[in-house]
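Asks: These are the residues of each chain, in order.
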Amino acid sequence: MPDKPKLIALFTDFGIDSPYLGQMHAVLAASGVKQTVIQLIADAPRFAPCPSAYLLSAIARDMPGGTMFICVVDPGVGSDRRPIIVRDSDQWFVGPDNGLLSQVARRSGKAEIEEIVWRPEKMSNSFHGRDLFAPVAAAICSQEYKSGPGIQADTLAGAEWPDDLAEIIYVDAFGNAITGIRSSSINNNRVLDLCGTPVKHARTFSDAPSGAVFWYENSMGLVEIAVNHGSASQLLDVDIGSQIDILG
Amino acid sequence: MPDKPKLIALFTDFGIDSPYLGQMHAVLAASGVKQTVIQLIADAPRFAPCPSAYLLSAIARDMPGGTMFICVVDPGVGSDRRPIIVRDSDQWFVGPDNGLLSQVARRSGKAEIEEIVWRPEKMSNSFHGRDLFAPVAAAICSQEYKSGPGIQADTLAGAEWPDDLAEIIYVDAFGNAITGIRSSSINNNRVLDLCGTPVKHARTFSDAPSGAVFWYENSMGLVEIAVNHGSASQLLDVDIGSQIDILG
Amino acid sequence: MPDKPKLIALFTDFGIDSPYLGQMHAVLAASGVKQTVIQLIADAPRFAPCPSAYLLSAIARDMPGGTMFICVVDPGVGSDRRPIIVRDSDQWFVGPDNGLLSQVARRSGKAEIEEIVWRPEKMSNSFHGRDLFAPVAAAICSQEYKSGPGIQADTLAGAEWPDDLAEIIYVDAFGNAITGIRSSSINNNRVLDLCGTPVKHARTFSDAPSGAVFWYENSMGLVEIAVNHGSASQLLDVDIGSQIDILG
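Protein sequences appear in the order of chains A, B and C. Positions in the first sequence are counted from 1; adding 451 to them yields the working numbering. Positions in the second sequence are counted from 1; adding 451 to them yields the working numbering. Positions in the third sequence are counted from 1; adding 451 to them yields the working numbering.
What the hints contain is simulated information worked out from the structure, not anything from laboratory work. Owing to the predicted nature of the structure, the values given are computational and were not obtained by experimental measurement. Check each hint, because a few of them may be wrong.
Intra- or inter-copy, both count: the list cannot distinguish identical chains.
Stated by the list, open to error - No more than 25 Å apart at the CA atoms, straight line, and that leaves these computed lysine to any residue pairs for SDA-like:
1) Lys573 / Ile637
2) Lys573 / Ala659
3) Lys455 / Gln486
4) Lys457 / Thr606
5) Lys455 / Asn640
6) Lys561 / Gly527
7) Lys651 / Glu595
8) Lys455 / Arg538
9) Lys485 / Ile602
10) Lys573 / Gly516
11) Lys457 / Trp569
12) Lys457 / Glu595
13) Lys455 / Ala617
14) Lys561 / Ser657
15) Lys455 / Asp644
16) Lys457 / Lys561
17) Lys457 / His680
18) Lys651 / Leu686
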């Protein structure tokens, strides 16, 4: 298990515009962080820790060992929700205890979780990504971070959420509709029902006729509903939160 | 005061899409710049040096000492507007003399300002960010830049603009409407009038009922009009340039 | 001719949102790549290798020597289209053989082209940018890449495409409509016809009246149709694929 992170990845719902991502990068750079900082995703489901949690868990699966994720989907910023750190094997996750880190904490079964009790001298009420989470990440990188009290996994927000979420959790820039269902959890012969449309499996885009709707195992290991050379989201009029039924 | 910048930050209205930001990054990298280059903001008010000037000044306040800002909101590119450098204590600002740097020059009261008279061998008429400002920034980083003639602050474009701008100067990705008014300049008991809607103060999002409009001191120290779990910009139908009245 | 790349640039149609760019950055960082990685463009014409090829060629012209471009506009991912490397003087291009690299291969006249026959242990069917092209790029950077069989330029997809493409190939964030015509190929006194609108030459934005349509040599050396302080794309209702006629 590495002593310190090799890579930092930002997972947020800030939107790719706005100065907020740059301000977080600036804090990390000014803190002397030498690790590469990757802008991983800025359009996680907004104000929505639940679908974001399943997306984070799927993306993290294939991210390199030694990655520290700074995770900010934080509609309760400024309230008394706890800031936490989850360490799962060789990855770190820093963020709010609002369910966002529940799935990475749970899938390993042996994650170490702690509360962040450190506070900066000056902290805005609305931007803990810059004022709390980024400085904590920098301190972990420089091995100057002092651990806080441990937290039991079953007390985390979102601890009661299901293993797989049978909903659309993300729509990518191509209009592909990503679900919270791991494809390893269902057989390829299963048909999905997405808002009344039956959807069958195909291996990948180039195996489906142009314009046809299909589901496949995407590059994160999730069930994704797609249209070859088209937008599933537009064609089926679905978005984050749309329900999936797994038919016989 | 540091001899050379520790960090470079790009402040532009280019839009986050398009190849223009990448082309500026490439010039900096190819020039041997070792400093971290941060994509700070690419959606500054387009073609609008005035609101951009107030946004820049507010963001710069909390950016690290040693930051050099390359600032390109430059509708007059190709005309005879002067390119300039403003040095204010431990920050540098490189950009056009069209008002964009007026507020950072003025708030310190002791900024050093100079004209950029150096020109590259080859310069496009439409992209001075890549062809002029980035190379100048790289030369400052390598301490090979030769100073140009000094400029008096009161001759800068925008020197006559007010201390605070009672307008919306930026709408972020959440729909929060940021004004050019520093919150330190008004009391928390003041009510704002935004296009006919009275807006009262709250400490932060989590203190306001869901859907309620309020103003608060944002993380840049500006008065920001927001809606908890909603978009102030959409709800009030306001955008950059919308006027604010400060009521009694 | 440099032995190895000094700079890596990502040229994709992924959209600036979504986690896909970050996942590619992560593979490069985890592979020990020391070169600066530049997010060059993520909104290349989607699913459209032809206009993308002309855009890539124009952008590459002014990018630094030693740049390696990872090029992913790849609607046929998962099919049997070949992955290739084009080396043209001091630049590298890694991507699919679907026409995307045809113009960079052809304009030099002496590019070296080879097929990528290496495959990773595990490769998704839908994301070769992360699973194939980024690891190949990393191996080239560390000089551990073993060359594949050579390819003749005239067998590449797109080898028969014209030298200049008289169409809109890109619309930037300002609404400027970029064509696939190199401005060096036509005289400044030529009038263009864009969907019925005659368009004359101007030197640059500040030479044209506000609101007037003109064409000029843009910063990539291409003919670009623009409106001073406005959006040519909106005003003329044109988009990628709109045809240009060069009048007498």
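Asks: Looking at the structure, which of the earlier hints fail to hold?
Replies: 4, 5, 6, 7, 9, 13, 14, 15, 17
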